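Trainee: To convert a position in the sequence shown, counted from 1, into this note's numbering, add 8.
Keep in mind that the hints were calculated from the coordinates and are not lab data. Take these hints with a grain of salt, some might be off.
[What the hints assert, rightly or not] Straight-line C-alpha distance at most 16 Å; calculated EDC-like pairs for lysine to aspartate or glutamate:
#1 Lys292 / Asp450
#2 Lys51 / Asp62
#3 Lys481 / Asp297
#4 Lys315 / Asp378
#5 Lys466 / Glu209
#6 Lys298 / Asp311
#7 Lys448 / Asp297
#8 Lys232 / Asp43
#9 Lys51 / Asp259
#10 Lys188 / Asp241
#11 Lys228 / Glu380
#12 Lys372 / Asp241
[Unchecked claim] Listed next, with one range per pair, are the computed distances between beta-carbon atoms:
#13 Ser84 / Thr361: 53 to 59 Å
#14 Val159 / Lys448: 30 to 36 Å
#15 Val374 / Val159: 35 to 41 Å
#16 Leu398 / Phe340: 28 to 34 Å
Everything numeric in this text was worked out from a predicted model, so none of it was measured. Glycine residues also receive a C-beta, built at the ideal position from the N, C-alpha and C atoms.
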Amino acid sequence: MTSRRNFLKTMPAALLALAPASQWVQALEQRKDDDTLTIAYPKDIAGWDPLNMDPLQSVIIQCVFEQPLALAADLSLAPSPVQHCEWLDNHCQTLQLIFRDNVFFHDGSELTAEDFRFSFIDRAKEHPATLLAGVWSLIDHIDTPSTSEAVIYFKYPMATAKAMLADIPAFILPSDYYQKQGGSDAFARRPVGSGPYRLTEYQRGSRIVLEAFDHYWQGKAPVKRLIFLISSDSVARAAMVQARQADIAVDLSVRESLKLGSETGLQSLIHPSTAMVMLQMVNKGVFTDKNVRLALHHAINKDAIAKGLFVGHATPVSVPAGPGMPGYIKDFEFPFDPDHSRELLAESGYDETNPLTIRFYATKGVLPNDLEMAQAIQYMWRQVGIQTELQVLTQPMIASYQQQGKIDGPLLQGWNPAAGDPGTYSGYLLHPALSFALWKSDDVGEKLYPLMAETNDKVRIEKFREFDRWQVKQGYSIPLFQRHSTCVAWTELEIQSRLTGLINPYRIRIS
Numbered sequence: 009m010t011s012r013r014n015f016l017k018t019m020p021a022a023l024l025a026l027a028p029a030s031q032w033v034q035a036l037e038q039r040k041d042d043d044t045l046t047i048a049y050p051k052d053i054a055g056w057d058p059l060n061m062d063p064l065q066s067v068i069i070q071c072v073f074e075q076p077l078a079l080a081a082d083l084s085l086a087p088s089p090v091q092h093c094e095w096l097d098n099h100c101q102t103l104q105l106i107f108r109d110n111v112f113f114h115d116g117s118e119l120t121a122e123d124f125r126f127s128f129i130d131r132a133k134e135h136p137a138t139l140l141a142g143v144w145s146l147i148d149h150i151d152t153p154s155t156s157e158a159v160i161y162f163k164y165p166m167a168t169a170k171a172m173l174a175d176i177p178a179f180i181l182p183s184d185y186y187q188k189q190g191g192s193d194a195f196a197r198r199p200v201g202s203g204p205y206r207l208t209e210y211q212r213g214s215r216i217v218l219e220a221f222d223h224y225w226q227g228k229a230p231v232k233r234l235i236f237l238i239s240s241d242s243v244a245r246a247a248m249v250q251a252r253q254a255d256i257a258v259d260l261s262v263r264e265s266l267k268l269g270s271e272t273g274l275q276s277l278i279h280p281s282t283a284m285v286m287l288q289m290v291n292k293g294v295f296t297d298k299n300v301r302l303a304l305h306h307a308i309n310k311d312a313i314a315k316g317l318f319v320g321h322a323t324p325v326s327v328p329a330g331p332g333m334p335g336y337i338k339d340f341e342f343p344f345d346p347d348h349s350r351e352l353l354a355e356s357g358y359d360e361t362n363p364l365t366i367r368f369y370a371t372k373g374v375l376p377n378d379l380e381m382a383q384a385i386q387y388m389w390r391q392v393g394i395q396t397e398l399q400v401l402t403q404p405m406i407a408s409y410q411q412q413g414k415i416d417g418p419l420l421q422g423w424n425p426a427a428g429d430p431g432t433y434s435g436y437l438l439h440p441a442l443s444f445a446l447w448k449s450d451d452v453g454e455k456l457y458p459l460m461a462e463t464n465d466k467v468r469i470e471k472f473r474e475f476d477r478w479q480v481k482q483g484y485s486i487p488l489f490q491r492h493s494t495c496v497a498w499t500e501l502e503i504q505s506r507l508t509g510l511i512n513p514y515r516i517r518i519s
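Could you put together the complete structure from these sequences and hints?
Mentor: Below, the structure written as structure tokens:
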């Protein structure tokens, strides 16, 4: 067994510079038994009242809180606090939820329909400028005929409601406990959920310790204690798992994951996920010309980018869905064809003496290799005669530019709804009434609105496949890749592959 002295001698110097040695030593000593699992994680949560978060943060939040609906590894519905979910009308505006009995919060109180109503109505009203309020702004009101039944009434059709009840932010909090604490800030200091773990220690930006909840309705978690060590530095996370003071390192680069996976005792887990990378288009200026939009798409060699930047661990796609996702279309491919791209540009009057010049927007460090992707696309466009001015934006800048209507060219964007429902991809990103939709046109609305009111999921998804085939042929969006998630862990751990791309600590086993 590694002693404290030997551990400090062998710990990579980079880690000693990143955080107090005591933090890492403490994590290692707690891992001496099989009751503790330590995860090197890239991101802390925004807060313990789950009002705002991204998919990475949801992994931690889901340990403590539960969503009404849950997803299995293959995106089908898994057992959840809601045991029955059904549309009561034929246009997706009245949704019934039946809650199971004997689901308990960490304070011992039983989860009821009133807790759901409070979580989705009262908290959203109290915090209007949050993701919770934004996602569920279509809710008009919620009735609770009994402690086990809730009926949601939407202002407008929301066929994606079931998918979003298993996504962020959709967590159930205990109404009485929350209000007795005195509101959001006080609750966040002593959070209580119904998830498989309860919070026992929190050091912001550094360390989170969770203990298994004895009375969790699906059974006590097999791993008694979870420790999240937070570091935004992927090199540091890799060093943590390599030095064995973490059992798992999440969200490393593909190359680093493959490198570590080749070492004795370590395994590299790289799997396709529901995360998409695409170019959002705008319907202004030169982009109102269909030839221009299609020329941009035909000029991109997605296979070359996937191999060059991701060692083949990114799946080129022609619609905003990859293999295994509901909206995937197996027999549809939008071809890389630079010659046809030049022909389309020539039809619209562009050539070497009159080149097409556009602005192109991307981020740096928000997605893996996002700037490098943008630069590769910029180079490919240049090969067919398209000149680009590449502008790097932060996430807050993107939101500001969208609100002000300042985006006047393609935007390289990542999008990651957990459930993989096609209605939450093009159904949101092309929806004329939503603020983050850049392309807005009447023909899209005519085709999209009926889909958002279709109660039969099988029919709706098939129609969304038709819609996505159509909108890509119109050049309204340019899907690029299905991202792959990365995780490196010690081989004695059994980690379930999940199409969401996110680990589920409750399902991890130590052999």
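Trainee: With the threshold set at 16 Å, check whether the alpha-carbon distance from Lys232 to Asp43 stays at or below it.
Mentor: Since the Cα atoms of Lys232 and Asp43 sit roughly 5 Å apart, the hinted pair holds (cutoff 16 Å).
Trainee: Under the criterion that the straight-line Cα-Cα distance not exceed 16 Å, is the pair Lys448, Asp297 satisfied?
Mentor: Cα-Cα ~14 Å, so holds.
Trainee: That 28 to 34 Å hint for Leu398 and Phe340 (C-beta), does it hold up?
Mentor: Distance hint for Leu398, Phe340 holds at roughly 29 Å.
Trainee: Lys188 and Asp241: Cα distance at most 16 Å?
Mentor: Violated. Lys188 to Asp241 sits at ~39 Å, over the 16 Å cutoff.
Trainee: Need the status of pair Lys292, Asp450: alpha-carbon distance at most 16 Å?
Mentor: Since the Cα atoms of Lys292 and Asp450 sit roughly 14 Å apart, the hinted pair holds (cutoff 16 Å).
Trainee: Given the proposed pairing of Lys51 with Asp259, does the C-alpha separation stay at or below 16 Å?
Mentor: 10 Å, holds
Trainee: Would the pair Lys298 and Asp311 pass a check requiring their Cα atoms to be no farther apart than 16 Å?
Mentor: 24 Å, violated
Trainee: Can you confirm whether the C-alpha distance between Lys228 and Glu380 stays at or below 16 Å?
Mentor: Given that 16 Å is the threshold and the Cα spacing comes to 44 Å, the pair is violated.
Trainee: For the pair we were handed, Lys315 and Asp378, check the Cα-Cα distance against 16 Å.
Mentor: 15 Å, holds
Trainee: Is it true that the C-beta distance of Val374 to Val159 lies inside 35 to 41 Å, as the hint says?
Mentor: Holds, at about 39 Å.
Trainee: Please work out if Lys466 and Glu209 have their alpha carbons no farther apart than 16 Å.
Mentor: With a Cα-Cα distance of about 44 Å, the restraint between Lys466 and Glu209 is violated, given a limit of 16 Å.
Trainee: Range hint 30 to 36 Å: satisfied by the CB atoms of Val159 and Lys448?
Mentor: 32 Å, holds
Comparing the model with each earlier hint shows violations of hints 5, 6, 10, 11; every other hint is respected.
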